[in-house]
Amino acid sequence: MSRGDRPPDRTRGAGAGSAGGRRVGPSRLPVYLALGALAVFSVGPLLVTWITAFKTSRQIVRDPFGLPDPFTLDNLSRAWTVGHFSIYFWNSVFISIAAVLGMVTVSSLAGYALGRMRFRGERLLLLLFLVGLTIPITAIIIPLYLTMRDFHLLDTQWSVIVAHIAIGVPIFTFIMRGFFKGLPRELDDAARVDGCGELRVFWSVMLPLARPGVLTVALLEFLWSWNSLLLPLVFLTRDQLRTLPVGLLFLQGRTSVEWGSMSAGVMIIALPIVLLFVLFQRNFTQGLIGGSVKG
Amino acid sequence: MISRRLRGDLVAWAFVAPALLLYVVFVLRPTLEMFQLALHDWNGISAIREWVGLDNFEKLTGDKVFWKALWNNAVWLVLVVGFNVLVGLVTAAMLASRIRGRVAFQLAYFLPVVQAAIVVAMIWRWVYNPAGLLNGVLEAIGLGGLSHAWLGDRATALPALALATGWAGFGLAVVIFLAGMQGIDRTLYDAAAIDGANARQSFRHVTIPGLRNVITVVILLEIISAFQAFDVIWGTTGGGPLNSTEMLATFMFRRGIQEGQYGYGSAIAVVFMVIVLAFAVISIVLREREHE
Chain A
1 MSRGDRPPDR
11 TRGAGAGSAG
21 GRRVGPSRLP
31 VYLALGALAV
41 FSVGPLLVTW
51 ITAFKTSRQI
61 VRDPFGLPDP
71 FTLDNLSRAW
81 TVGHFSIYFW
91 NSVFISIAAV
101 LGMVTVSSLA
111 GYALGRMRFR
121 GERLLLLLFL
131 VGLTIPITAI
141 IIPLYLTMRD
151 FHLLDTQWSV
161 IVAHIAIGVP
171 IFTFIMRGFF
181 KGLPRELDDA
191 ARVDGCGELR
201 VFWSVMLPLA
211 RPGVLTVALL
221 EFLWSWNSLL
231 LPLVFLTRDQ
241 LRTLPVGLLF
251 LQGRTSVEWG
261 SMSAGVMIIA
271 LPIVLLFVLF
281 QRNFTQGLIG
291 GSVKG
Chain B
1 MISRRLRGDL
11 VAWAFVAPAL
21 LLYVVFVLRP
31 TLEMFQLALH
41 DWNGISAIRE
51 WVGLDNFEKL
61 TGDKVFWKAL
71 WNNAVWLVLV
81 VGFNVLVGLV
91 TAAMLASRIR
101 GRVAFQLAYF
111 LPVVQAAIVV
121 AMIWRWVYNP
131 AGLLNGVLEA
141 IGLGGLSHAW
151 LGDRATALPA
161 LALATGWAGF
171 GLAVVIFLAG
181 MQGIDRTLYD
191 AAAIDGANAR
201 QSFRHVTIPG
211 LRNVITVVIL
221 LEIISAFQAF
231 DVIWGTTGGG
241 PLNSTEMLAT
251 FMFRRGIQEG
261 QYGYGSAIAV
271 VFMVIVLAFA
281 VISIVLRERE
291 HE
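As given, the protein sequences belong to chains A and B, one line each in that order. For the first sequence, my numbering gives the first residue as 1, with consecutive numbering after it. For the second sequence, my numbering gives the first residue as 1, with consecutive numbering after it.
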């Protein structure tokens with residue numbers, strides 16, 4: 001009767017002869033019902049919003065749960081043009097990709113040094129970055145805003161990009177350090193014996209081997225900068241510079257009962273993330289676990 | 001030999017330099033500046049920052065909205081963290097049993113986790129709207145009498161938003177707990193079964209003790225992230241009605257950024273930061289201890 005709580009035996013290949021499998025009988029029904037209800041709770045609101053994006057505003061009011069009838073792309077095109085989501089979309093793409101490129105470069109260089117080199121000041125640096133893991137961006141938004149102003153970066157997209165990279169430095173450096181530490185010692189020694197410089201060892205030997213780490217960093221940084229609201233909200237005031245989350249926030253202000261274009265906006269923000277998530281599900285979940293638990 | 005060591009040091013520092021520079025200029029220095037700003041009265045424009053000592057903090061202790069925000073934040077923590085940890089644990093335990101379609105379930109629970117917080121805000125604004133989905137469902141099942149302006153009512157706004165945040169958060173707890181359950185010795189379950197334990201008993205006496213450390217870590221993590229709630233509140237109620245959903249983060253944003261009271265806003269930020277820091281330090285210490 002204890003099968004209810006067995007640890008999973010299929011997921012990670014720990015399948016040390018999972019005997020049993022005796023019942024998928026009626027006693028499991030409540031478990032499936034509970035899990036199913038929870039899945040509806042999780043996916044339902046998202047799904048209804050996505051379906052709503054294809055409905056006319058008349059149908060949204062009269063029949064909130066039905067399938068689109070007639071099917072319309074008006075909401076999407078209205079959000080895209082009138083709602084300026086075409087501008088916000090490309091701004092978000094630019095900011096997120098720049099943040100990913102910067103983050104990958106900076107964190108893999110630092111992670112490599114901290115993971116595979118012995119040098120004076122190493123412990124100090126680790127301590128410094130450890131402190132950084134505990135600093136919430138929300139708390140420092142005021143002085144960060146003033147810093148950006150001093151650098152004349154306000155109302156440029158670089159303010160958001162630079163801040164995203166900087167705040168991610170501690171966590172992603174630790175993640176990359178973990179990956180580099182796990183690689184076998186002989187590899188870079190061999191390359192060094194062959195006369196490769198340090199940068200070359202890093203670039204052509206170690207970095208390719210740390211590809212899973214790079215992928216994790218890239219995915220998480222993309223997720224976080226794509227979804228981020230606070231930084232672009234504070235740093236960017238001109239409409240032409242805004243990102244999707246800020247656009248969605250102000251869309252609600254302009255059209256407070258226009259659920260059609262709002263659903264379309266939700267869809268435009270969510271679609272790239274959901275696609276990436278479905279493609280790289282494992283990397284996302286493992287990365288988020290690692291990023292949150294291991295630190 | 002010495003010059004070679006020096007060379008090694010320099011190379012290493014050169015590798016770290018870009019990360020370090022960004023981190024020091026845009027994270028560490030602003031953090032220190034925040035403490036300094038909190039002791040000043042400054043509108044951000046005038047050349048002079050007037051030193052006011054602890055005046056901002058004194059003003060804070062007399063500010064009713066501050067205490068309201070602090071209280072709301074505490075209630076919020078209990079609701080969100082409680083929801084995520086309890087639902088996360090039970091769900092993970094159910095998934096850990098021999099379940100068909102485990103991957104599909106996991107995918108479903110995790111889908112809200114990757115959504116932007118502003119998307120969460122908008123979806124749930126609609127769910128809770130007087131003419132929205134929740135009231136629609138209630139009417140459809142004959143409970144129309146319960147329908148409600150969920151976010152417009154001081155009594156229901158905070159728990160309603162906590163549920164929305166839990167919706168977007170429990171999937172991560174599920175995955176972490178599930179990973180933790182894989183570390184529990186299976187023979188313990190067999191032993192419990194031989195002793196005649198039923199599913200609930202072995203959950204209570206094998207799973208929970210086996211996950212003690214993981215549970216602690218998850219609780220602390222959830223506290224730290226729940227404490228920083230901003231997007232979902234700002235995208236729905238904006239702290240209202242009548243401050244009933246005001247949190248430290250939204251309060252700080254209003255005073256500091258919107259009203260340009262940089263000194264006062266920084267004082268709020270200091271309180272905010274000290275609380276987050278306390279939980280973060282506890283979690284790091286516990287984690288290190290576990291590693292040893």
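Think of the hints as simulated: they come from the structure by calculation, not from any bench. Possibly wrong hints are sitting among the right ones.
Claimed, not checked - Far from chain A, some chain B residues (derived; all Cβ distances over 10 Å):
hint: 1; residue: 19
hint: 2; residue: 29
hint: 3; residue: 37
hint: 4; residue: 47
hint: 5; residue: 50
hint: 6; residue: 54
hint: 7; residue: 65
hint: 8; residue: 138
hint: 9; residue: 155
Unchecked claim - Pair by pair, the computed Cβ-Cβ distance ranges are:
hint: 10; chain 1: B; residue 1: 285; chain 2: A; residue 2: 93; range: 53 to 61 Å
hint: 11; chain 1: B; residue 1: 29; chain 2: A; residue 2: 122; range: 18 to 26 Å
hint: 12; chain 1: B; residue 1: 103; chain 2: A; residue 2: 101; range: 28 to 36 Å
hint: 13; chain 1: B; residue 1: 142; chain 2: A; residue 2: 68; range: 41 to 49 Å
hint: 14; chain 1: B; residue 1: 57; chain 2: A; residue 2: 130; range: 26 to 34 Å
hint: 15; chain 1: A; residue 1: 196; chain 2: B; residue 2: 289; range: 26 to 34 Å
hint: 16; chain 1: A; residue 1: 275; chain 2: B; residue 2: 289; range: 36 to 44 Å
C-beta atoms are modelled at their ideal positions from N, C-alpha and C, and glycine is treated no differently.
Worksheet item: Taking the beta carbons of residue 57 of chain B and residue 130 of chain A, is their distance inside 26 to 34 Å?
Response: holds (28 Å)
Discussion item. I want to verify a distance hint. Is the separation of the beta carbons of residue 103 of chain B and residue 101 of chain A within 28 to 36 Å?
Written reply: holds (32 Å)
Item to complete: Look at the Cβ atoms of residue 285 of chain B and residue 93 of chain A and judge whether their distance stays inside 53 to 61 Å.
Response: violated (41 Å)
Worksheet item: So the hint says 26 to 34 Å: do the beta-carbon atoms of residue 196 of chain A and residue 289 of chain B match that?
Response: Given a distance of about 41 Å, which is not inside 26 to 34 Å, the answer is violated.
Item to complete: Mind verifying the non-interface call on residue 54 of chain B? Its CB should be farther than 10 Å from each CB in chain A.
Response: The claim holds: residue 54 of chain B sits with its nearest Cβ about 18 Å from chain A, beyond 10 Å.
Worksheet item: Regarding the assertion that residue 47 of chain B does not contact chain A, is the least Cβ-Cβ distance greater than 10 Å?
Response: Per Cβ check, residue 47 of chain B is outside 10 Å of chain A; nearest 14 Å; holds.
Worksheet item: Holds or violated: 41 to 49 Å for the Cβ distance of residue 142 of chain B and residue 68 of chain A?
Response: Violated: the Cβ-Cβ distance is about 27 Å, outside 41 to 49 Å.
Fill in: 18 to 26 Å as the expected CB spacing between residue 122 of chain A and residue 29 of chain B, which holds or is violated
holds (22 Å)
Worksheet item: Far enough from chain A: is every CB of that chain over 10 Å from the CB of residue 19 of chain B?
Response: Violated, because the least Cβ-Cβ distance between residue 19 of chain B and chain A comes to about 4 Å, which does not exceed 10 Å.
Practice prompt. Over 10 Å to the closest beta carbon of chain A is the bar; see if residue 37 of chain B clears it.
Written response: violated (6 Å)
Practice prompt. Please settle this one: residue 50 of chain B was flagged as non-interface, so is its CB more than 10 Å from every CB on chain A?
Written response: holds (16 Å)
Worksheet item: Are all beta-carbon distances from residue 155 of chain B to chain A longer than 10 Å?
Response: Residue 155 of chain B clear of chain A: closest Cβ-Cβ about 22 Å, beyond 10 Å.
When the structure is compared with the earlier hints, violations turn up for hints 1, 2, 3, 10, 13 and 15 and for no others.
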